[in-house]
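**Q** If you want the building blocks of each chain, they are given just below.
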Amino acid sequence: MPSNACEWRAISDYVPTGIEANMTKNTTTSLDAATPIVIVGHVDHGKSTLIGRLLHDTDNLQDGKVAQIIESSKKRGLKIEWSFLLDSLQIERDQA
Amino acid sequence: MIEKHKLQGVIAGIRRDEQGTRAKERVFSPRGASHKWDIRNQPPEFWDQYATPHEEGMHIRVHPLLSWREIDIWRYIEREGIPLVDLYFAKDGKRYRSLGDSDITSPVESNASTVAEVIEELETTKTSERAGRAMDHESEDAFERLRVAGYL
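Chains C and W, in that order, give the protein sequences.
Just so you know, we're using the numbering used here here: the first sequence kicks off at 1 and counts up by one.
Just so you know, we're using the numbering used here here: the second sequence kicks off at 1 and counts up by one.
Next up, chain C with everything else stripped away, as it sits in the complex:
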């Protein structure tokens, strides 16, 4: 554990170590095989759009989610804005 300034604490300082270790073991089964992916890009160059489209193409969206973003896109004069799957806040959507 690195030494931290007093106003900064790692969450592990707040959770009993035993519990944390057990939780990680028992609650991330389906994440064990996950591959972390980092998307890097310039602002407004399509990071969220790419991730949104990947979520759709890999069948990882809940029922009705695509219909929801199509409706939100239409409201803003757009056909379908895949980034709305990630940009859920009004300030994020209104700058699309």
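Quick caveat, the hints were computed from the structure, so don't treat them as lab data.
Nothing here was measured: the structure is a model prediction, and the numbers come from that model.
Careful, some of the hints might be misleading.
[Stated by the list, open to error] Heads up, simulated DSSO-like pairs for lysine-lysine below, C-alpha to C-alpha not over 30 Å straight-line: (1) C:K65 <-> W:K36; (2) C:K79 <-> C:K47; (3) C:K65 <-> W:K4; (4) W:K24 <-> W:K4; (5) W:K24 <-> C:K75; (6) C:K75 <-> C:K47; (7) C:K65 <-> W:K126; (8) C:K75 <-> W:K94; (9) W:K24 <-> C:K47; (10) C:K47 <-> W:K4; (11) W:K24 <-> C:K74; (12) W:K24 <-> W:K91; (13) W:K91 <-> W:K36.
[Unchecked claim] FRET-style restraints, in silico, Cβ to Cβ: (14) C:I51 <-> W:D38: 24 to 32 Å; (15) W:D103 <-> C:N60: 30 to 38 Å; (16) W:T114 <-> C:G77: 31 to 39 Å; (17) W:V85 <-> C:K79: 42 to 50 Å; (18) C:G41 <-> W:G93: 43 to 51 Å; (19) W:T114 <-> C:K74: 20 to 28 Å.
Beta carbons are placed, not taken as given, at the ideal position from N, Cα and C, and that holds for glycine.
The hints should help you fit chain W onto chain C, whose structure is shown.
**A** Here is chain W on its own, set in the frame of chain C:
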């Protein structure tokens, strides 16, 4: 209650996977004097390092379960044998996946009547956890407006 007892911290069980607006939350989320959530001015939490500022009149919402998923909660319930209200278990083909005020919460179709069956259902379901919560579906930003105003 926060004002009455001058609370500096409130622990809440919200999770990122519940709803898009909650996905934008921080583990340590500062709230201003009127409990407002300033979405545009949230502290970064890289490498699980959390800011705990303290100024007069503000409080911090602490969200320790933010990164848990719905299924993590159920696996924890199963492992610890935690008792819960039977509204979460299916009766006549329906159960509640999320509980709110009774007039705006409806059950979803399900045959899961035990913790193990709920876990099995969640492993494959495509229905949103909050599908039965009417307040989320009123308008696109209904939930965001509630949270900015201080809703837990």
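**Q** All the hints need checking, so say for each whether the structure fits it.
**A** We went through each hint and held it up to the structure:
1. Taken as a hint, the C:K65 and W:K36 pair is honoured in the structure, with Cα atoms around 28 Å apart against an allowance of 30 Å.
2. A hinted pair counts as satisfied when its Cα atoms are at most 30 Å apart, and C:K79 with C:K47 qualifies at roughly 18 Å.
3. With a C-alpha separation of about 40 Å, the suggested pairing of C:K65 with W:K4 is violated against the 30 Å cut-off.
4. Distance hint between W:K24 and W:K4 is fulfilled; the C-alpha atoms sit about 28 Å from each other, no more than 30 Å.
5. Pair hint W:K24 plus C:K75 holds up; C-alpha atoms about 22 Å apart against a cutoff of 30 Å.
6. Of the supplied pair hints, the one linking C:K75 and C:K47 holds, its CA atoms being roughly 22 Å apart against a limit of 30 Å.
7. Taking the CA atoms of C:K65 and W:K126, the gap is near 10 Å; set against the 30 Å cutoff, the hint holds.
8. As the CA atoms of C:K75 and W:K94 are separated by approximately 34 Å, the hinted pair breaks the 30 Å bound.
9. Annotation: proposed proximity of W:K24 to C:K47 holds, straight-line Cα distance about 17 Å (limit 30 Å).
10. Our distance criterion of 30 Å between C-alpha atoms is broken by C:K47 and W:K4, whose separation comes to about 44 Å.
11. Distance restraint check for W:K24 and C:K74: the Cα-Cα separation of roughly 23 Å lies within the 30 Å cut-off, and the hinted pair is therefore satisfied.
12. A hinted pair counts as satisfied when its Cα atoms are at most 30 Å apart, and W:K24 with W:K91 does not qualify at roughly 35 Å.
13. At most 30 Å may separate the alpha-carbon atoms for a hinted pair to count; W:K91 and W:K36 exceed this at roughly 40 Å.
14. The given range of 24 to 32 Å is respected by C:I51 and W:D38, whose C-beta atoms sit roughly 25 Å from each other.
15. In this structure, W:D103 and C:N60 meet the distance hint of 30 to 38 Å, their C-beta atoms being roughly 33 Å apart.
16. Our hint of 31 to 39 Å for W:T114 and C:G77 is violated, since their Cβ atoms are close to 49 Å apart.
17. A hinted range of 42 to 50 Å for the beta carbons of W:V85 and C:K79 is consistent with their spacing of about 44 Å.
18. Restraint check, C:G41 to W:G93: a C-beta distance of roughly 46 Å satisfies the suggested window 43 to 51 Å.
19. In this structure, W:T114 and C:K74 break the distance hint of 20 to 28 Å, their C-beta atoms being roughly 43 Å apart.
Comparing the model with each numbered hint stated earlier shows that hints 3, 8, 10, 12, 13, 16, 19 do not hold.
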